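There are 2 protein chains.
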Amino acid sequence: MSEFKNRITVSIYDQHYTIVGQDEPSHIRYVAGLVDERLREISRYNSGLDTSRKAVLTAVNIMDDYVKLKEDYERLLHQLEAEGQKHD
Amino acid sequence: MSEFKNRITVSIYDQHYTIVGQDEPSHIRYVAGLVDERLREISRYNSGLDTSRKAVLTAVNIMDDYVKLKEDYERLLHQLEAEGQKHD
Numbered sequence: 001m002s003e004f005k006n007r008i009t010v011s012i013y014d015q016h017y018t019i020v021g022q023d024e025p026s027h028i029r030y031v032a033g034l035v036d037e038r039l040r041e042i043s044r045y046n047s048g049l050d051t052s053r054k055a056v057l058t059a060v061n062i063m064d065d066y067v068k069l070k071e072d073y074e075r076l077l078h079q080l081e082a083e084g085q086k087h088d
Numbered sequence: 001m002s003e004f005k006n007r008i009t010v011s012i013y014d015q016h017y018t019i020v021g022q023d024e025p026s027h028i029r030y031v032a033g034l035v036d037e038r039l040r041e042i043s044r045y046n047s048g049l050d051t052s053r054k055a056v057l058t059a060v061n062i063m064d065d066y067v068k069l070k071e072d073y074e075r076l077l078h079q080l081e082a083e084g085q086k087h088d
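So the sequence lines, in the order shown, correspond to chains C and F. Residues in the first sequence are numbered consecutively from 1, following the UniProt record's numbering. Residues in the second sequence are numbered consecutively from 1, following the UniProt record's numbering.
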């Protein structure tokens, strides 16, 4: 992490995007690569959709993963708290 | 969760999408609502972009959240394992 903003150009689904943020360039490239993969995967099964609709469906799928991971995360957090209380 | 597939129509950024999956309709609507919010937020700061680019950037932001939450999740998992070993 740096206090300066990084400005990185990535390619997603054959389009260039300039991403500005405080994250490391390697992190930004990794995240962009994952989105590119997911978009290409959606496209294989929905070739009739335009790019905008494919990208929205990709965002929906990633958000679905996020919400489910968040539930798992909170379950783990409660488990860790209970574990801590058990040995107080 | 049901073994049957649900078929839900949601509205994201004023477009309708039919989402098919085994998740509860309420979960699908919740996830779609979150994506709609994020897409509108991106649009406020990038009004010059077309919808397809806005949607890809939305997907990038959500994936960024996912990757960071995944790191937190794994940190917690290791902590829980260490906690368990401490009291073995």
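Do not rely on the hints blindly, as some may be mistaken.
Unchecked claim - Here are some, though not all, of the chain F residues that point toward chain C, as calculated from beta-carbon distances under 8 angstroms: (1) Phe-4; (2) Ile-8; (3) Ser-11; (4) Ile-12; (5) Asp-14; (6) Thr-18; (7) Val-20; (8) Ala-32; (9) Gly-48; (10) Ala-55; (11) Val-56; (12) Ile-62; (13) Asp-65; (14) Leu-69; (15) Lys-70; (16) Asp-72.
No lab work stands behind these hints: they were computed from the structure. Please read all numbers here as calculations on a predicted model, not as lab measurements. Every residue, glycine too, gets a C-beta built ideally from N, C-alpha and C.
Hint by hint, here is what the structure shows:
1. Phe-4: 18 angstroms, violated
2. Ile-8: 11 angstroms, violated
3. Ser-11: Check failed: Cβ of Ser-11 (chain F) comes no nearer than 11 angstroms to chain C, outside 8 angstroms.
4. Ile-12: Since the shortest Cβ distance to chain C is 6 angstroms, the answer is holds.
5. Asp-14: 11 angstroms, violated
6. Thr-18: With Cβ-Cβ at 10 angstroms, over 8 angstroms, it is violated.
7. Val-20: 11 angstroms, violated
8. Ala-32: 6 angstroms, holds
9. Gly-48: Violated - the Cβ of Gly-48 (chain F) stays beyond 8 angstroms from chain C, reaching only about 13 angstroms at its closest.
10. Ala-55: 4 angstroms, holds
11. Val-56: 5 angstroms, holds
12. Ile-62: 5 angstroms, holds
13. Asp-65: With a closest approach of 6 angstroms, the Asp-65 (chain F) hint holds.
14. Leu-69: 6 angstroms, holds
15. Lys-70: 6 angstroms, holds
16. Asp-72: 7 angstroms, holds
The structure fails hints 1, 2, 3, 5, 6, 7, 9 (numbered hints given earlier, in ascending order).
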